[in-house]
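Peer 1: Letter by letter, the chains look like this.
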Amino acid sequence: MAIMSYREALNRAMDEEMARDPAVVLMGEEVAEYDGAYKVSRGLLDKYGAERVLDTPITELGFTGLGVGAAIAGMRPIVEWMTHNFALLALDQVVNEAAKLRHMSGGRLSVPIVFRGPNGPAEYLSSQHSQALASYWVHVPGLKVVSPSNPADAYGLLKSAIRDDNPVVVLESEMLYSDKGEVPDEETLVPIGTAAIPRTGTDITIVAFGRPVKYALEAAATLQLRGISAEVIDLRSLRPLDEPAIMASVAKTGRAVVVDESWPAASVGAYIAHRIASERFDSLDAPVAFVSSEDVPMPYNHTLELAVQPSAAKIVAACLRTLYLEE
Amino acid sequence: MKAADRALYWNLRNEMTRIRHFEETTGQMYGLRKIGGFCHLYNGQEAVAAGFSAALDHERDYVLTGYRDHGHALAAGMNPDEIMAELFGKITGSSRGKGGSMHLFDPKQHFLGGNGIVGAQIPVAVGVAFAQKYQKTGGAVVVFFGDGAIHQGAFHEALNLAKIWNLPAVLVCENNQWGMGTGWKRVSAVDDFSLMASAYGVRGERVDGMDVLAIYDAAQRALADARDGRPVLIEARTYRYKGHSMSDPQKYRTREEVDEYKKQDPIYLLEQVMKEAGLWDEAMAQSQDDEAESMATKAVAFAESSAEPALHTIYEDIYAGEPFFMGRA
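Chains as they are written, first to last, in the numbering used here: chain A, -3 to 323; chain B, 15 to 343.
It is worth saying that the hints were derived from the structure and are not from the lab.
No false leads were mixed into what you were given.
Computed cross-link-like contacts, DSS-like style, restricted to lysine-lysine with a CA-CA straight-line distance of at most 30 Å:
id, chain 1, residue 1, chain 2, residue 2
1, A, Lys43, B, Lys147
2, B, Lys265, B, Lys199
3, B, Lys177, A, Lys43
4, B, Lys177, B, Lys147
5, B, Lys48, B, Lys265
6, B, Lys150, A, Lys43
7, B, Lys276, B, Lys48
8, B, Lys177, A, Lys35
9, A, Lys43, A, Lys176
10, B, Lys122, B, Lys48
11, B, Lys150, B, Lys177
12, B, Lys277, B, Lys16
13, A, Lys35, B, Lys147
14, B, Lys122, B, Lys177
15, B, Lys276, B, Lys312
Which stretches of chain A does chain B cover? Using the computed rule of at least three CB atoms under 8 Å from a CB of chain B, they are:
id, region
16, 46 to 60
17, 98 to 112
18, 234 to 241
Ideal Cβ positions, reconstructed from N, Cα and C, are used throughout, including at glycine.
Generate coordinates for the entire structure from the input sequences, incorporating the hints supplied.
Peer 2: Here it is, written out as structure tokens:
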């Protein structure tokens, strides 16, 4: 096992897939000569040339649509959005084109494309640059959506996304890019649609995805000190969703806390809480708790922005409430 | 008059006639409620689709358009039976009854839609052009859109991308002069859309969209440029005879305006040219008309006799590979 950063793991995935398949190209703002705004594409221009690693103008709608067109014409583009915040300019091409072309053509078209970039809160960026927008994509049939929480999954999920014959949205996290972890030395694909259980437990289930998985694991360690055994489910894939993994865990523990760093309404976390309540009502010993960001745009001030987001402490508190224990 | 020209003229007349008959029949079927939803007819604009189709290399080139797509689909070589069945929402339709009028597709004929979002097809088309260049197919891509679409960011972003990457793309604005109920001059900073090309350093050309021979010539030049990596913008000044869609009462324009344009009808104009050139053959014309009518009649019969899609098909054609559905246990 090699130790590498989340950023390096994503880079390795693209590097291997570009070496494997000449139909794979990477396009986006600053991906080539600048090595990527977050250095995820470092070195790829030198290795694969300007025909396959393309700097675009700052026209998210235009180059996202161009990627969709290339995909229906036999290529496998990776479109990098500098952040998901800017991808809102490209919503039409993802929702109305990439997700619909197979359907509207009665199955005659295929759209093998990856849309990837950082999503979720960063630091000191205020409300236009610190948004968790998973539900914008998870809402839409025709798309797949993955959200890796660690370098190994970033590597394995991105490889699967590039090989998938469907449009796949990859939610990376700017705050995870420098996180390090073990990544298998041999080529490994993480299947889309399968959750991981990074910590097993018997008393309560914490369901999370992306960066908050770190907080969930911290919370579980804190709870262990009080003799509480928490199981952590890292969803990894949001569409499709590994409901069997969630339901099996809740059937075992009888208690669930769902964590999502987005706003509460119409969020992935709210949907999962609803699914658990519907499907495991008989197993539950307490209402499903939900830890989301506060329902406010992100402030610039650091103390305030941290207060807005989920944290290990907030997850611990939610678990204790769900267990009917005092803080 | 060369023999090749003679064949070309008759082919152009035939293509326009086929489209005209198909659309007349489509309008009738809509009136009979065999077809529902938004249905945008191409009557009056036939010269644009026919002129370009004659100039295309259908083995290599691709065509995309917006929602007024029946004429382009026919000109691309799509099976009229499958088109009509799609309009009827039948399982034998080109999209198995899932796309309808605005979403006709036939990758085998290099026709990639059919798109219901104004202007969205332009970046997609430029992406198809990117793939042609990358794969070195030698093919070019022609994308049609209306006078409403040219003001979308999608047009401007796509034309810029086509230019900076030297893509084999021809962008054709079919200016039928009415963006739904809004006169094009009310919402345009320029009164000649070909001028917009200059903002992106590409060649722009305005063509009489009622003159199929002018369209054919312009298409040949544009395709030659595009194949050399020089994208082109063309404005084809045309006119639609019918409403924006079948549900349009057309209160924004006068009967006289429509009648005035019908005097420049593209089929009539070509026939005048053919008569002056001594090419006219009444029997040949009658035979083309009869064939076009029987094509439309046969398409309706096919659509009528086709089955409705089974309910389980709502879960098909969404994903490649194993399908999945949220909200199910």
